[in-house]
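There are 2 protein chains.
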Amino acid sequence: MKNVLGARCTLCGHMIPATPDITVCPECGGILDIEYDYDYIKNHLTKYELMDRTERSMWRYMEFLPVEGPGSTKKLRVGASPIYKADRLAEILGIQTLYIKDDGINPTSSLKDRASAMAVVKAEEAGNTTIACSSTGNAASSLAGNAACAGLSTYIFVPSRAPKGKVAQLMMFGANVILVEGSYEDTFRISAEAIDRFGWYNRNAAINPYLMEGKKTVSLEIAEQLNFKMPDYVAISVGDGCTIAGVWKGLKDLYAASFIDRLPRLISTQASGCCPINTAAAAHTLDWKPQEENTIADSIAVGVPRNPVKAIRAIEESNGVTVNVSDEEIMEAMRLLGRYAGVFAEPAGATGTAGVKKAVELGLIEKDASVVSVVTGNGLKDVANAIKAAGEPISIKPDMNELLDSFERLGKPLA
Amino acid sequence: MKNVLGARCTLCGHMIPATPDITVCPECGGILDIEYDYDYIKNHLTKYELMDRTERSMWRYMEFLPVEGPGSTKKLRVGASPIYKADRLAEILGIQTLYIKDDGINPTSSLKDRASAMAVVKAEEAGNTTIACSSTGNAASSLAGNAACAGLSTYIFVPSRAPKGKVAQLMMFGANVILVEGSYEDTFRISAEAIDRFGWYNRNAAINPYLMEGKKTVSLEIAEQLNFKMPDYVAISVGDGCTIAGVWKGLKDLYAASFIDRLPRLISTQASGCCPINTAAAAHTLDWKPQEENTIADSIAVGVPRNPVKAIRAIEESNGVTVNVSDEEIMEAMRLLGRYAGVFAEPAGATGTAGVKKAVELGLIEKDASVVSVVTGNGLKDVANAIKAAGEPISIKPDMNELLDSFERLGKPLA
Numbered sequence: 001m002k003n004v005l006g007a008r009c010t011l012c013g014h015m016i017p018a019t020p021d022i023t024v025c026p027e028c029g030g031i032l033d034i035e036y037d038y039d040y041i042k043n044h045l046t047k048y049e050l051m052d053r054t055e056r057s058m059w060r061y062m063e064f065l066p067v068e069g070p071g072s073t074k075k076l077r078v079g080a081s082p083i084y085k086a087d088r089l090a091e092i093l094g095i096q097t098l099y100i101k102d103d104g105i106n107p108t109s110s111l112k113d114r115a116s117a118m119a120v121v122k123a124e125e126a127g128n129t130t131i132a133c134s135s136t137g138n139a140a141s142s143l144a145g146n147a148a149c150a151g152l153s154t155y156i157f158v159p160s161r162a163p164k165g166k167v168a169q170l171m172m173f174g175a176n177v178i179l180v181e182g183s184y185e186d187t188f189r190i191s192a193e194a195i196d197r198f199g200w201y202n203r204n205a206a207i208n209p210y211l212m213e214g215k216k217t218v219s220l221e222i223a224e225q226l227n228f229k230m231p232d233y234v235a236i237s238v239g240d241g242c243t244i245a246g247v248w249k250g251l252k253d254l255y256a257a258s259f260i261d262r263l264p265r266l267i268s269t270q271a272s273g274c275c276p277i278n279t280a281a282a283a284h285t286l287d288w289k290p291q292e293e294n295t296i297a298d299s300i301a302v303g304v305p306r307n308p309v310k311a312i313r314a315i316e317e318s319n320g321v322t323v324n325v326s327d328e329e330i331m332e333a334m335r336l337l338g339r340y341a342g343v344f345a346e347p348a349g350a351t352g353t354a355g356v357k358k359a360v361e362l363g364l365i366e367k368d369a370s371v372v373s374v375v376t377g378n379g380l381k382d383v384a385n386a387i388k389a390a391g392e393p394i395s396i397k398p399d400m401n402e403l404l405d406s407f408e409r410l411g412k413p414l415a
Numbered sequence: 001m002k003n004v005l006g007a008r009c010t011l012c013g014h015m016i017p018a019t020p021d022i023t024v025c026p027e028c029g030g031i032l033d034i035e036y037d038y039d040y041i042k043n044h045l046t047k048y049e050l051m052d053r054t055e056r057s058m059w060r061y062m063e064f065l066p067v068e069g070p071g072s073t074k075k076l077r078v079g080a081s082p083i084y085k086a087d088r089l090a091e092i093l094g095i096q097t098l099y100i101k102d103d104g105i106n107p108t109s110s111l112k113d114r115a116s117a118m119a120v121v122k123a124e125e126a127g128n129t130t131i132a133c134s135s136t137g138n139a140a141s142s143l144a145g146n147a148a149c150a151g152l153s154t155y156i157f158v159p160s161r162a163p164k165g166k167v168a169q170l171m172m173f174g175a176n177v178i179l180v181e182g183s184y185e186d187t188f189r190i191s192a193e194a195i196d197r198f199g200w201y202n203r204n205a206a207i208n209p210y211l212m213e214g215k216k217t218v219s220l221e222i223a224e225q226l227n228f229k230m231p232d233y234v235a236i237s238v239g240d241g242c243t244i245a246g247v248w249k250g251l252k253d254l255y256a257a258s259f260i261d262r263l264p265r266l267i268s269t270q271a272s273g274c275c276p277i278n279t280a281a282a283a284h285t286l287d288w289k290p291q292e293e294n295t296i297a298d299s300i301a302v303g304v305p306r307n308p309v310k311a312i313r314a315i316e317e318s319n320g321v322t323v324n325v326s327d328e329e330i331m332e333a334m335r336l337l338g339r340y341a342g343v344f345a346e347p348a349g350a351t352g353t354a355g356v357k358k359a360v361e362l363g364l365i366e367k368d369a370s371v372v373s374v375v376t377g378n379g380l381k382d383v384a385n386a387i388k389a390a391g392e393p394i395s396i397k398p399d400m401n402e403l404l405d406s407f408e409r410l411g412k413p414l415a
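Line order of the protein sequences matches chains A and B. Quick note: the first sequence uses the working numbering, first residue 1, plus one each step. Quick note: the second sequence uses the working numbering, first residue 1, plus one each step.
Hints may be right or wrong, so weigh each one.
Unchecked claim - Listing some non-contacts, in silico: residues in chain B with all C-beta distances to chain A over 10 Å:
| id | residue |
| --- | --- |
| 1 | E35 |
| 2 | Y38 |
| 3 | D87 |
| 4 | C149 |
| 5 | D186 |
| 6 | I260 |
| 7 | S272 |
| 8 | K367 |
| 9 | A369 |
| 10 | A386 |
To be verified - Derived lysine-lysine pairs resembling DSSO-like cross-links, with alpha carbons at most 27 Å apart:
| id | chain 1 | residue 1 | chain 2 | residue 2 |
| --- | --- | --- | --- | --- |
| 11 | B | K85 | B | K367 |
| 12 | B | K367 | B | K229 |
| 13 | A | K74 | B | K74 |
| 14 | B | K74 | A | K367 |
| 15 | A | K229 | A | K289 |
| 16 | A | K85 | B | K74 |
| 17 | B | K47 | A | K388 |
| 18 | A | K388 | B | K164 |
| 19 | A | K74 | B | K367 |
| 20 | B | K252 | B | K85 |
| 21 | B | K47 | B | K164 |
These aren't lab readings, by the way, just hints derived from the structure by calculation. As the structure is a prediction and not an experimental result, all values here were calculated from the model. Virtual Cβ for every residue (Gly too), placed ideally from N, Cα, C.
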C-alpha cells in the first residue's frame, strides 16, 4: 500500500507496518491508527479526477483507503448514500442550514456496512475465510451481509437484548450467531476469547484499526456531495466511539490532502442514560468512567466504550460540542426526521439529529450555522421502538360513516 | 410534455391528453397507458449522453418519463439501486448467469418508491397538496416518505393485517393512517370513496397511469447497469399486476427508442396461495378469477388484482413464463438470497427469485439462460416472517465452556 506509512499506537506512539492482520499495539496494547502519505495521495488524485470516476461506492476513494486493491468483485455496494438539504427540518430545529446524510440507505441498512466491507477486504488480504465480531447489532448484521456476499463464514456474538429484527437479519445472512446472556462488555470479552482461540479474522471495531478507515468514507462522501464546501458542524451519535473517530479521520485526511480548506466541528451526541465518552470529553480528560446502559438507542448503549481515546481526541481536536439527549428527545427526533425530511431512522440513527436540536436550544451552536447530521441506521431495524415513538393509527371497519366519525373526532381531514 | 403523445385506454383504445390528474378512461373505465413519441426520445437522448449524466436517481431518465420537469428539489433519492452478479446463487439455482437487482435499497426500502416519487411530482403538477392511497404496505410507506420529504399531506388506507413494521414506518412519516378491518379489496374500495369525496390526489397504482411510469425506471436502470446488453429473462413477483406491467413498459420503451436490441422474457411469480394473474396468463385469457389471499408474502397477497389486464398482456407479449411458489419455497429463497448474495429480502421481495429456482427445476427456462431477478423489498419490512424463515440463534451464558459445548453439539466451528 504505497499510500500508507504504517500503523501508529494512539497511546505510546509506536509505529508498526500495516499488515492486514494487525490488531492492537504489540508494545502497550493501545489502539492503532493508520497513517497515510498525504503527498502520495495529492500526487495521485485530484478533486476533479475523483469527480469523474464512475465507481459508485466507498471504493471510489481508493487513494484514501488502506487496501492493496479493490478486493473481490463480489462485494455489496456500500456507501453512495444520499444527502438531503432539509430546509423544513432546519426551520423546525431553528438552524440556518441542515443536511441529512442518510446512511440507513446501505446494503444492510446502517453505516456499519462501511466498516464491514473493509473487514471483508482485509480478511481476504490476510488469507482468512472466517470473520468474527461482537456487536449490539448493526456491526453484526453488516458483517454477516458483506461476508455472505463475498463467500466468507462469520461467527457473531450479540448481547441477548439486541432487537429481534437485527438478529433475524444476520441469521438470514447465514451467520453463526451466538446470543450472549449478559452486557455488551460480557459479549465483547467472550468474542475476543473465541477469536483468539480459533484464529478468526477480528472485526471488533476498536481492536481492528482498519474498520475506522471504512467508516471514514462517510466523511469523504459528504465532502464530495457538498462540492468540498464543508459545513460548520458534523453531528453524529456516539456509542463505542469508533464512528465519530472515523468521521473525524475522514475529515482530517481530506484536509491533510488539501481536498477541503477547513475542518468542521463535531457535535457528539450520546444518550443521557449512557454517555461515558461525552462525560469525559466535556471534562477535557481521557479518564472516562464506565456507565449503566439505560437508553432505547441500543446501537449506542455502550457503558464501556472500546474506543474512548480516539473518540475523545476527535471531539477535542475538532473543538467539538458534546450534548446528551433523553429517550424522549430521541423519539422526538425520529418523528421530526420522518415528518419533515422523509427519513426513517432507528433510535441511535436519530440521536445525532436530537443532539442538533438540543445544541441549538442550549445555545451551544449558532442559529446561522450549517450542519450535516448523519443518520446512522434505518428505522426498520427497531420496529418496537418505532411503534412506541410513532403512536397508533386510526382503525375502522370498511365503512364511510365510520371514517367520517373518526375524522370528526380527530379534526381531520386537514388538507 | 413533448415526449408524451397522450394516455390510451387499454380496453377501448380511446386516447386522451395526459393531464396530471387523469385516472381511468372517461369512456369505458378502463386503465390508461401513457404513450410516448419515440422519435422525440431518440432525437433528444442517446445511450452515450445518458451514461454521462451526473444525476443518480430515477430522474436520470427524464426523456422516458411523463413529467413536465424534474419537479421540486425536495425529493428523496429514489432509484440508483445496486445490481449484483450473483455467481454463487446462480450455481445453487442451477442457472448460468444470475443478477440480483436489489430494489430494497431505496429510501423507504422498496421498489414502490419509484411509483410514489412519480405520484408526488404529478400531484404537485396537478396543484394538489394531499395524496391518498390504499396499500398492503409498501406503496403506503413509500408514499408517506416521499410526500413527507416534499411537504405534502397523505391519507393512507391499509388492511389491518399489514405487518407492524410497515405501519410504524408510515406513521413515522406523519401520514394519516387508516387501518381497515377487512380485505385488500375492502380497503381499496373505502379509499376510492374517500378520495372521491375529499378531492385528494389518487396514488392507487392501477387507477393512476403515471405510477407504472415510475416503476418502469427499474428496467431502465437494469438496462443501463448491464450496458444495454439484456438478459434472457427478467424475474419479478406479482401481486396487483402494476409492477410487472411497469417492468415490461420500461423494457418496451427502451426497445422502441432503440436503446436495446432485444426484449427479455418475463418470469412472473405469484404465491401458490394467491395467483389470479398467473392462473389467467397460463390459460392465455384476460378473464381472471378472484382468489383467496393465502400467503406470507403480504405485499403480493392480492386476490382481486387491480391491474390484471396490463399484467397478463405483459406476460403474453414477452412470451413470458408463469410460476407459482409455496410459502416454504419463498422462505427458502429468502435464505438463499441472504446466504449466497448478501441480500435480505421480504417474502414478496424474494418471491421472484423463488420463481427462478422453480422455473429451472420445472425445466421452464434453460440452464444456460441469463436472468435478472428483481428483489422488490427489504427483509426488515417483515421481521416476523424473517425470524420464521431464519431459525433460532445459539444462546449461551458469557462462558467459554458453554460456547465450546454448544459448538460440539452443533458440529462447529466449521472454518
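Quick rundown of the hints versus the structure:
{"no.": "1", "hint": "E35", "result": "32 Å, holds"}
{"no.": "2", "hint": "Y38", "result": "28 Å, holds"}
{"no.": "3", "hint": "D87", "result": "7 Å, violated"}
{"no.": "4", "hint": "C149", "result": "3 Å, violated"}
{"no.": "5", "hint": "D186", "result": "4 Å, violated"}
{"no.": "6", "hint": "I260", "result": "20 Å, holds"}
{"no.": "7", "hint": "S272", "result": "22 Å, holds"}
{"no.": "8", "hint": "K367", "result": "22 Å, holds"}
{"no.": "9", "hint": "A369", "result": "21 Å, holds"}
{"no.": "10", "hint": "A386", "result": "4 Å, violated"}
{"no.": "11", "hint": "B:K85 with B:K367", "result": "16 Å, holds"}
{"no.": "12", "hint": "B:K367 with B:K229", "result": "19 Å, holds"}
{"no.": "13", "hint": "A:K74 with B:K74", "result": "34 Å, violated"}
{"no.": "14", "hint": "B:K74 with A:K367", "result": "22 Å, holds"}
{"no.": "15", "hint": "A:K229 with A:K289", "result": "37 Å, violated"}
{"no.": "16", "hint": "A:K85 with B:K74", "result": "8 Å, holds"}
{"no.": "17", "hint": "B:K47 with A:K388", "result": "48 Å, violated"}
{"no.": "18", "hint": "A:K388 with B:K164", "result": "11 Å, holds"}
{"no.": "19", "hint": "A:K74 with B:K367", "result": "22 Å, holds"}
{"no.": "20", "hint": "B:K252 with B:K85", "result": "24 Å, holds"}
{"no.": "21", "hint": "B:K47 with B:K164", "result": "43 Å, violated"}
Against the hints set out earlier in the document, violations occur for numbers 3, 4, 5, 10, 13, 15, 17 and 21.
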